[in-house]
Amino acid sequence: MKSLPPRAEQLGIIRCHICDLVFQPTAKPDKAVRCPRCEATVHRRLPNSIVRTWAFLIAGVILYIPANVLPIMYTSFLGNGIESTITDGVVSFWNSGSYGIALVIFIASIAVPCAKFLILATLLITVRKHSRWARLERARLYRMIEHIGYWSMLDVLVVAVVVALVKFRELATIEPRVGILFFGTVVILTMLSAMSFDPRLIWDDKE
Amino acid sequence: MKVFPDLMICECCDSVYRRPMPMDGGVAHCERCAFELCRGGRLRADGWLALTIAAGVMFLMANSYPVLQINLQGIRNETTLWQSAGALAQGLAVPIAVPAALFIILVPFLQIFLLGWVLSYSRVGRRAPGFVYVMHILSILRPWSMVEVGLLGILIAAIKLSKLADIVLGAGIWAMAASMILMTIVSKRDLSSLWDMGEYSRQRTPARA
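Residue numbers (the numbering used here), protein chains in the order written: chain B, 834 to 1040; chain G, 79 to 287.
Hints should not be assumed to be uniformly reliable.
[Stated by the list, open to error] Below 30 angstroms or equal to it, Euclidean Cα-Cα: the simulated BS3-like pairs (lysine-lysine) are:
| hint | chain 1 | residue 1 | chain 2 | residue 2 |
| --- | --- | --- | --- | --- |
| 1 | G | LYS241 | B | LYS864 |
| 2 | B | LYS864 | B | LYS962 |
| 3 | B | LYS962 | B | LYS861 |
| 4 | B | LYS962 | B | LYS1039 |
| 5 | B | LYS1039 | G | LYS241 |
| 6 | B | LYS1039 | B | LYS864 |
| 7 | G | LYS80 | B | LYS1000 |
| 8 | B | LYS861 | G | LYS266 |
| 9 | B | LYS861 | B | LYS1039 |
Hints in this document: simulated from the structure, not taken from any laboratory.
Modelling step: build the complete structure from the supplied sequences, incorporating the hints.
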């Protein structure tokens, strides 16, 4: 088997995350340094990566409860008003025969946030335990949640458009409800959590 | 401080490679973590700028025309992107209108504008005023641009309401679709090549480790 390339740490070099320049810092390896080209503050690893990732993740999990329990919108049609949650939205598409769309909303609003919680927690725990288990797969999972995470904003934007359109006074109106605020916050928190995680930690123990 | 312009480091696992990378089918992957390190066939600054301007024009149109129109028993109503984001500012949900407007309107707009700014200088081999700041801002904005999510959201809203009333797609949604495709081409590509252009070109003298 071909030997793997050396790692930056072994060579005492570092990469700027803004401009991609590779350089050899003069300061001690655990100190922050300034990139000679773009003057960004560069760290060997993101500072407090694990703690910050946990903090955003836990905040996201907590807010995920009101996001699902509280209604995200209120629909009033000919005087009859009902409030609906995220799950109600999925179920009503499913029941009306729009299986594809029910599935899209289910994936964006329920499956993706839950997958993010589980994957981030798994990454954090395995990195803490200096695990060498399935490194390549964990690296791929991390990149996957980074790429698909923002699609969860879908429901927020659906509610925005629906609310803006249906304004027919007594006939029909739709209003946003506080659940959508919690849900949007959860999505932002999980994105921040994924950004705080440093994927290089996965590879940091002896191979 | 010693710099190594002929080296590159994988951002996902810290593996060190020597440039230029051997391209396998136009793409180079990291041997350790399989991350896509770089892609061949770079757009020249001219073509990149042209597409960025086109994306900007389309995005302006997406913002000026209604994206959807609804007809319910003879009453008509329509909405633009701004009105949609603004509609969230009701009751207790008010704060969510801010990120919604940011992600589907302001961030993409800033991204296009700043990219056009940098590219219009780098196509003549110059460094744009404020280049370093602009590049920092662009790297922060990148994950928060959600035009494609907005577009899918509008389409789902249209389907959701089509059972209740007549829905007509507005001019804005076509412009939005066009700007989404153009933005995928211009803003998802590797910005780091811009650092290598003009007076930022790689030094020819390789430093020794």
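Please work out if LYS1039 (chain B) and LYS241 (chain G) have their alpha carbons no farther apart than 30 angstroms.
Outside the cut-off at roughly 59 angstroms; violated.
Below or equal to 30 angstroms on CA atoms is what counts here, so check LYS1039 (chain B) against LYS864 (chain B).
OK: LYS1039 (chain B) and LYS864 (chain B) at ~22 angstroms, within 30 angstroms.
Given the proposed pairing of LYS861 (chain B) with LYS266 (chain G), does the C-alpha separation stay at or below 30 angstroms?
The given pair, whose Cα atoms are some 34 angstroms apart, is violated under the 30 angstroms limit.
Is the Cα-Cα distance between LYS962 (chain B) and LYS861 (chain B) 30 angstroms or less?
The hint holds at about 26 angstroms.
Need the status of pair LYS864 (chain B), LYS962 (chain B): alpha-carbon distance at most 30 angstroms?
Holds, at about 24 angstroms.
Given the hint that LYS962 (chain B) pairs with LYS1039 (chain B), does the C-alpha gap stay at or below 30 angstroms?
The hint holds at about 13 angstroms.
Straight-line alpha-carbon gap LYS80 (chain G) to LYS1000 (chain B), limit 30 angstroms
Judged against 30 angstroms, a Cα distance of about 63 angstroms means the pair is violated.
Measure nothing beyond the straight line between the CA atoms of LYS241 (chain G) and LYS864 (chain B); if it is 30 angstroms or shorter, mark the hint as holding.
violated, 60 angstroms
Pairwise hint evaluation, LYS1039 (chain B) against LYS861 (chain B), where the allowed Cα distance is 30 angstroms at most:
Holds. LYS861 (chain B) to LYS1039 (chain B) sits at ~22 angstroms (cutoff 30 angstroms).
Hint compliance for this structure: hints 1, 5, 7 and 8 are broken, all remaining hints hold.
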